[in-house]
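Could you slot chain E onto chain G? The hints should help.
Protein chains in written order, with the numbering used here: chain G, 1 to 388; chain E, 1001 to 1388.
Hints listed in this document are in silico derivations from the structure and should not be mistaken for laboratory results. Glycine is no exception: its CB is placed at the ideal position from the N, C-alpha and C atoms. Please note that a few of the clues may not be correct.
[Stated by the list, open to error] In silico SDA-like cross-links for lysine to any residue, where the CA-CA straight-line distance does not exceed 25 Å:
#	chain 1	residue 1	chain 2	residue 2
1	E	LYS1028	G	PRO376
2	E	LYS1047	G	GLU198
3	E	LYS1003	E	GLY1137
[Stated by the list, open to error] According to the in silico footprint, chain E covers these stretches of chain G (three or more CB under 8 Å from chain E):
#	stretch
4	73-86
5	325-334
[Unchecked claim] A few chain E positions that, by computed beta-carbon distances, are all more than 10 Å from chain G:
#	residue
6	GLY1120
7	ARG1180
8	GLN1301
Protein chains: 2
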Amino acid sequence: MNKIAIGQAGGPTAVINATLAGFIESVKDKFEVTFVEDGYEGLVEEKFRSGDSSMLNWVLDNQDLPGACLRSGRYPFNEEAIEKSVQNLNKHNIDTLVFIGGNGTMEALYKVKQEAERQGVELKVLGMPKTVDNDLGATDHAPGFASAAKYIAQTTKDMSRDLYSMKNFEQVRVLETMGRNAGWLAAASGAFKEYDEEGPHFIAIPEKPIDKKLMINSVQEALVSYGYALIVVSEGVQWKKGEQAKLEQVNGRSILGGISNEIGEFVKQELNVTTRAELLGMNQRSSSSCKSQVDANEAYQVGYTGGQWLQQDYDGYMVSIERKPSVCYTMELKPVKLEDVIAEEERLMPPAFIESHQAYYQWLTPLLGGDSPSYPPVKQRRVELSEY
Amino acid sequence: MNKIAIGQAGGPTAVINATLAGFIESVKDKFEVTFVEDGYEGLVEEKFRSGDSSMLNWVLDNQDLPGACLRSGRYPFNEEAIEKSVQNLNKHNIDTLVFIGGNGTMEALYKVKQEAERQGVELKVLGMPKTVDNDLGATDHAPGFASAAKYIAQTTKDMSRDLYSMKNFEQVRVLETMGRNAGWLAAASGAFKEYDEEGPHFIAIPEKPIDKKLMINSVQEALVSYGYALIVVSEGVQWKKGEQAKLEQVNGRSILGGISNEIGEFVKQELNVTTRAELLGMNQRSSSSCKSQVDANEAYQVGYTGGQWLQQDYDGYMVSIERKPSVCYTMELKPVKLEDVIAEEERLMPPAFIESHQAYYQWLTPLLGGDSPSYPPVKQRRVELSEY
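Chain G with its partners taken away, still in its complex shape (with noise of 0.2 Å):
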């Protein structure tokens, strides 16, 4: 029989249990499973558990909550750390690797199956598809992003409703998002806008630097017509390419985070007006609040999928969502090989996407689940109101 060990890596998300979970309502009675604890760092350090039948009930009675069930976290994944990895399965005599996790879990798991052949060490690994900024490629979008995006839409809307009411008292507040390198959140703030009134006014990306003349005068008319405006960016975005708002290094990890103040200082500065900035938390990827039963469902398939393609004998391919061209969304889960992923490198917004962000709302409103947005339609004032 073969030994299974399956880690999650990376931050977490509101749906990552979810993955696992059915992973193991998959694998449970056909293999031995191994969890591998703090992600890569548990590969390094033997952080291997036993998959007893406590530990697998265990996940699979917490696959609603937020967060990594098998802590996840950062590791400095070198090569000296890849060769202990492949030593410390082969010493435990598990012969298949599966890891959820984005882009860097999936060039991790090529390179320890690329290690493991040197040492001939026989190993076969497994992909399965997690990440919140949606900069997973190879794949339509990847479980955990549907759940953060709504969150963010929800916020945007809220708040929106929030600066309304506030107006006389601050007139333009700035929402910063996730997103080193891709849009697909910042862009996302708008998926539940109902009417030309409603935030966002204005959403920068880190695919294109601020335009700061269109972003004035979005302010600025928003400012005319409303008497005030939200604008929503990714923490990534650049005044201009390559100069980044880096606020400090935790753990040797640069953490993004302060563009929105530069942005609402801008914004004073230009059109003196009070602003406020907001940096969105980790709720955007723990809200258990705004998940999407969409991609929890989706989520608990990619890991369902993944144990039966082991199955099969697949090896070295992570477990793609494809959209299926159909007047109702659905979606069918593909094999695409590490390689196909990693040459993708980071996925950014299409250039569709960025230019319409209405065809953006068409694709990604479906994976948002049916209860979108959390309140009935916002009933305008009629216009033809006299004013006082």
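Chain E only, in chain G's frame:
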């Protein structure tokens, strides 16, 4: 027929429009209604909008939305402004003034009433409570608070899962909640805590300065036991009595926010761990995703009952929520004189709740609604499991 003016004031909440709708439903066939826009500013600047059927329906249709339909905002309501307000109300033949708001609003209504008497203008006033901070006196709690508390409790629970996942990357997170002088919201962060490991591991509220030693001990204990620690603090918490961390002045109002950074920095220095501070933003008062249905229902009832009392000639009162002694949570609405509300000043957490958060959570839980928290109980891993 009486002519009523109604307005909303201050920071909006997730349920402030339910109170407005309840009130309108109650009075729409009995009184002539005028809407005051932009809070007190509307009284001074005559931002009166006729309550014709279209406008009444618009308010009723939008009762589920966060933010304030009539806009609330902030405005310096000084003597001159109050004098002008009474003149304007008189000019528009308005004989009843109703406002939905917090401490400031109850005081404003009282002053307007006094000024009307001085000017010899007949004017009835009625206040309807609203605050996320729950610092309004003479009521068990105020509509808006429970939804904000639920947002914070759920966010803390989700964030605790997130931090658990990432503990090999960052060990301490400091969440900062609203609450300038009262700790109701920060203390609510633990309402969904199910077991020891789950955060928050330390809560600091404005009612007493931070006990540095206790905080460091609590964090260290959590670090030793679980490898991570989650701290929750009110924005108004103080290192020493009288020393609030003031970040900036916005339109003459000092905006708090920043103590979480100071605490994060302090813990980092003391314990040499990676810390991250996060300000929970305007979602605290405007998130529709965490709205408590109990809160929304009560908000509506407060408005509806207020309208009924006007038909019974009540004058100079606030609609107060009185909790009934009962096994199940029930409440009753009682009129409280505005003087009595004002005399209570800002309502802080009572010592019994500060000393025993469990007592506080017993009081709080029924207000959060039956769908809390947003996922089934976390299954803990059995403790007898051997380590690797």
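Evaluated hints:
Between the alpha carbons of LYS1028 (chain E) and PRO376 (chain G) the distance comes to roughly 23 Å, so the proposed pair stays at or under 25 Å and holds. Using a Cα cut-off of 25 Å, the hinted pair LYS1047 (chain E) and GLU198 (chain G) holds, with the two alpha carbons roughly 22 Å apart. The suggested pairing of LYS1003 (chain E) with GLY1137 (chain E) is violated, with an alpha-carbon distance near 29 Å, which exceeds 25 Å. Requiring three or more residues with a Cβ within less than 8 Å of a Cβ of chain E, the coverage given for the stretch 73-86 of chain G holds, as 3 such residues are present.
Under a criterion of three residues with beta carbons nearer than 8 Å to beta carbons of chain E, the stated coverage of the stretch 325-334 of chain G fails, only 0 such residues being counted. For GLY1120 (chain E), the shortest C-beta to C-beta distance to chain G comes to about 26 Å, beyond the 10 Å cut-off, and the non-interface label holds. Non-interface call for ARG1180 (chain E) relative to chain G: holds, since the shortest CB-CB distance, roughly 15 Å, exceeds 10 Å. The beta carbon of GLN1301 (chain E) sits about 19 Å from the closest Cβ of chain G, which is more than 10 Å, so the claim that it is off the interface holds.
The structure is inconsistent with the numbered hints 3 and 5, although it conforms to all the rest.
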